[in-house]
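Undergrad: Here is how the chains run, residue by residue.
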Amino acid sequence: MNIIIAGDGEVGLHLAQLLADEQHNIIFIDPNEELLNTVSSHTDLMTITGSSISVDVLEEANIKGADLLIAILHDEAINLLTAILGKKLGAKKTIARISNREFMSNKNLAILEEKGVDIIINPEQVAANEIVQLLKQTAATEIFDFSDGKLQLFLIKLEKYAPVVNKTLTQIAQEFPNIEFRAVAIHREGQTIIPTGNDYFRENDLAYVITKPDGVQLLLELGGKQNFKINDIMLIGGGRIGRMTASQLQHEMNIKLIESDTKRANALTNELEHTLIINGDARDMDLLDDEGVKDMDAFIAVTNHAETNILTCLHARSLGVKRTIALVENIEYIDIAKNIGIDTIINKKLITASVINLYTMEAKVTTVKCLSGINADVIELVAMPKSAVTKKPLKKLTLPEGSIIGGIIRGDESHIAIGDFQLEAGDKAVVFALPSAIHKINKIFNH
Amino acid sequence: MRRQSVNFKLVFRIMGFLLMLEGIAILSALPFSWYFHPEGLTHFQLMDGQSEFYAILSSGLFTFLIGLFTFVYTRKATKNTTKKEGYLVVSLSWIVISIFGSLPFYLSGYFVSYTDAFFETMSGFTTTGASILNDIEAVPQGLLFWRSLTHWIGGMGIIVLSLAILPLLGIGGMQLFSAESPGPTTDKIHPKVREMAKRLWAIYVILTLIQTGLLMLGDMSFFDSICHSFATMATGGFSTQNTSVAAYSPYIQYVIIVFMILAGTNFALHYFMLKRKFSKVKSSEEYQLYVGIIIGATLLIGLGLIFKMNLGVEQAFRDSLFQVVSILTTTGFVTADYLLWPTGLWMLLFILFFVGGSAGSTGGGVKAVRILVLIKNSLLEFRRLIHPQAIIPVRLNHKPVPQKIVFVVISFFLFYLSTFALGVIVMAAIGLDFESAIGASASSLGNIGPALGSLGPVNNYANIPDIGKWFLSFLMLLGRLEIFTVLIVFSPTFWRK
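So the protein lines, in turn, are chains Z and R.
Note that the first sequence covers residues 0 to 446 in numbering that gives the first Met the number 0.
Note that the second sequence covers residues 0 to 496 in numbering that gives the first Met the number 0.
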């Protein structure tokens, strides 16, 4: 697929690298020459220095032959204009990153589509949605919905006393015959294992589990977890993510939002009537203590500084806050942060990449999630007529190494992918795959 | 130090224009004078208390001609204006039209002195309704019409002033209340002051006409109906009867209650009502407070009257409702002498002296919205103490009110109270007893009318010494023009470069 990416910094860069690894032809447009030099020396892609809203630059990037134009700069106006120009100049599909929630309404989407912007993505909104969901399912570390929640992917950390620890999957299946979930991956000491029946669960494993909504309760019991209700939240950082999170939650929970910039803090009061806005530096531990951080049910740090986010989360953790979520933009920090005990990491680049990845798959894909912490994707794939997956029941199917089918959605029903189940054309399968397997798995879903 | 040149020519030109209009307004009383008192046409003597026709005619013409002369003389005035001209025009216009507006009263001879005539006129234009007339019914209808008309003109001025002009000048946090949303974002009804004024006046005129019609249905004469409508819509309070509205049937009293409430409501809300944007009306917190106070105070006083004064239920609540609404909207009509009520009940009414109507209405006083901001701000202090670094804004209609405006509201309230206190001291020094001094000061500053003590609902201001009348006139002006507008003209910073 020929993809043009217009970016102006890390997000675009990360996306370009990711897509280049997946064997697409990438042309990367960025106004910053230095950045481009480092990119082109590392990655196999073509770079053009210049503005993406210049017709000349777009033509130089062969916009006519582009299957996908992704405008992912920080300035949404430039993104929209790039997409509009690109579409007029012949790009087949355009994606623009926006930050203004106003564009999310159906009415406004129609306007944008008519002008040539096919898809908009709002990473901050997606991040905020994830935070909200995590606060509602407090036992899991990460949760992803598939097909409106008909299937969910949970990431849970196994506690010492969890009933499943030190047992193989087969043993567990015998002990609990009514199981409605399936473990699709185990992350242990930096390694990702796609489990087979003979693999053991160990204490402190991070287990990725596909579950039907009915199975959540049993799943959490087996993982040694308990859901608890969240009432009091402390939110650090009044940027877009913090603001969107607060505005979604302020009617159900007590939120204290700490923002260091006075002007921004004042502006927040316009939007957040039921949130207590505090103007101060979250790195000031006295302030956090005065505001009662130790009595909080959740602590969410979403400032622009990964270090601040990680450190304040650690502080909250040490005071006994049960749920901590940190926004970490440096991908290198993610593993470190997880290892030192922060529950959940939110990363906008991964989120953005997840969303965009969707549109680069050749098979019909409806959802892609890039998981933080491990190098794997969860994809929702639609089985095409006459494709290889529809020909045999699951247990006789040979899937590419490093991939596993977790669950299937057929119409309104969802099924856990076990044994005799056979896919039909039109079924959606939730597939867990390491990057090396992504394209192979794509193939068996196409005919 | 060079003195900043205030554009006096323009200020005078505007005064000239206003005087021309006032001259015409004075002349509009002539038909009533001719109809009710035709023998006055043959009586040419001025100032003998026998006839008023030529007093009205001559002062109308004189006012018009002075206005015309000034207007023409200053035709070369440049249009350069700053806020300073704005303050000056607003303050001067009330003074100037009161000076000329008192001429018919003075020249007719029905008023003892020019002081009395001026007091009555200022009381009219500021929609106060405090009178020095001992026997209103003895005054010919032509003069009474002009007396009621001063209310109506004053009310007209106040609506535009409070919704369109004062917000531009930034007086007393009026930005808050300007037009549309009584919130901090001031999107107006209509962007142009002139267009907005037309719409507001249309509402004002229509409401006045409807009230006149309804009063006439209750067997009130056309003349009395129109005079009472003028006084109601302007929240003035001049009646044509010695016993005020007590002279009329319960039906008339209820009609007047309804229209007093309407007149004390923000006129921008009336506009939205017409435009069928009911949600704006319902969600206005000031309106909720205003209605809440009316209901709460009426119930309390009504129950008090039933148990302490042994009144019938209907009469108790009618008396209570009428007095509460009349005082709260700063109209000043009376149907019962509240000073005869138990002390607790009229003290409750006295507290309402300081609340006043809604902002953007013709009512005076501190204004409900300011009280709302003050109460909210005070209550939030507790939260602020617990969270010293939190930003906890006062919210009005769910929108945060800028800190600056809260400060302005607080200092307005402080000025209001200090002016009231000063007024009490001055009136006491002039020789009034304690209760009357307090009442006179609060009533004049709030543009209400009836006060306490010797100035109660059944008394009048005739016996106050001249100096006191001038001082009270000044208080009325201060209260009507939101204090700052007038005081700023006297401040040194105003005249400094």
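Wrong hints could be hidden among the right ones.
As the list claims (entries may be wrong) - According to the in silico footprint, chain Z covers these stretches of chain R (three or more CB under 8 Å from chain Z):
1) 85-94
2) 133-140
Claimed, not checked - Computed list of lysine-lysine pairs in BS3-like fashion (alpha-carbon distance at most 25 Å, straight line):
3) Z:Lys262 <-> R:Lys276
4) Z:Lys92 <-> Z:Lys262
5) Z:Lys114 <-> Z:Lys135
6) Z:Lys224 <-> Z:Lys149
7) Z:Lys106 <-> R:Lys276
8) Z:Lys439 <-> Z:Lys385
9) Z:Lys156 <-> Z:Lys385
10) Z:Lys114 <-> Z:Lys87
11) Z:Lys262 <-> R:Lys403
12) Z:Lys92 <-> Z:Lys321
13) R:Lys307 <-> R:Lys281
14) Z:Lys262 <-> R:Lys398
Hints were generated in silico from the structure; no laboratory data involved.
Even glycine gets a Cβ: it sits at the ideal position worked out from N, Cα and C.
Undergrad: Could you grab the alpha-carbon distance between Lys262 (chain Z) and Lys276 (chain R) and see if it respects the 25 Å cut-off?
TA: This hinted pair is violated, its Cα atoms lying about 33 Å apart.
Undergrad: Under 8 Å between beta-carbons, do enough residues of the region 133-140 of chain R, three at least, approach chain Z for the coverage claim to hold?
TA: Our answer is that it is violated, as 0 residues pass the Cβ test (under 8 Å) against chain Z, missing three.
Undergrad: Between the alpha carbons of Lys114 (chain Z) and Lys135 (chain Z), is the straight-line distance 25 Å or under?
TA: Violated, because 38 Å separates the two Cα atoms, which is more than 25 Å.
Undergrad: With a cut-off of 25 Å on the C-alpha distance, tell me whether Lys92 (chain Z) and Lys262 (chain Z) pass.
TA: violated (39 Å)
Undergrad: Going straight from one Cα to the other, do Lys262 (chain Z) and Lys398 (chain R) come out at no more than 25 Å?
TA: holds (16 Å)
Undergrad: Straight-line Cα separation of Lys224 (chain Z) and Lys149 (chain Z) no greater than 25 Å?
TA: holds (22 Å)
Undergrad: Would the hint linking Lys439 (chain Z) and Lys385 (chain Z) be met if the CA-CA limit is 25 Å?
TA: holds (16 Å)
Undergrad: Within a Cα-Cα threshold of 25 Å, do Lys262 (chain Z) and Lys403 (chain R) meet the stated pairing?
TA: holds (14 Å)
Undergrad: Count residues of the region 85-94 of chain R with a Cβ under 8 Å from any Cβ of chain Z, then say if the count reaches three.
TA: Violated, because only 0 residues of the region 85-94 of chain R bring their Cβ atoms closer than 8 Å to Cβ atoms of chain Z.
Undergrad: Just to be careful, I want the Cα atoms of Lys156 (chain Z) and Lys385 (chain Z) compared with a cutoff of 25 Å; is the pair within it?
TA: Violated: Lys156 (chain Z) and Lys385 (chain Z) sit about 39 Å apart, past 25 Å.
Undergrad: For the pair supplied as a hint, Lys106 (chain Z) and Lys276 (chain R), confirm whether the alpha-carbon distance does not exceed 25 Å.
TA: Holds, because 23 Å separates the two Cα atoms, which is no more than 25 Å.
Undergrad: Within 25 Å, alpha carbon to alpha carbon, are Lys92 (chain Z) and Lys321 (chain Z)?
TA: violated (44 Å)
Against the hints set out earlier in the document, violations occur for numbers 1, 2, 3, 4, 5, 9, 12 and 13.
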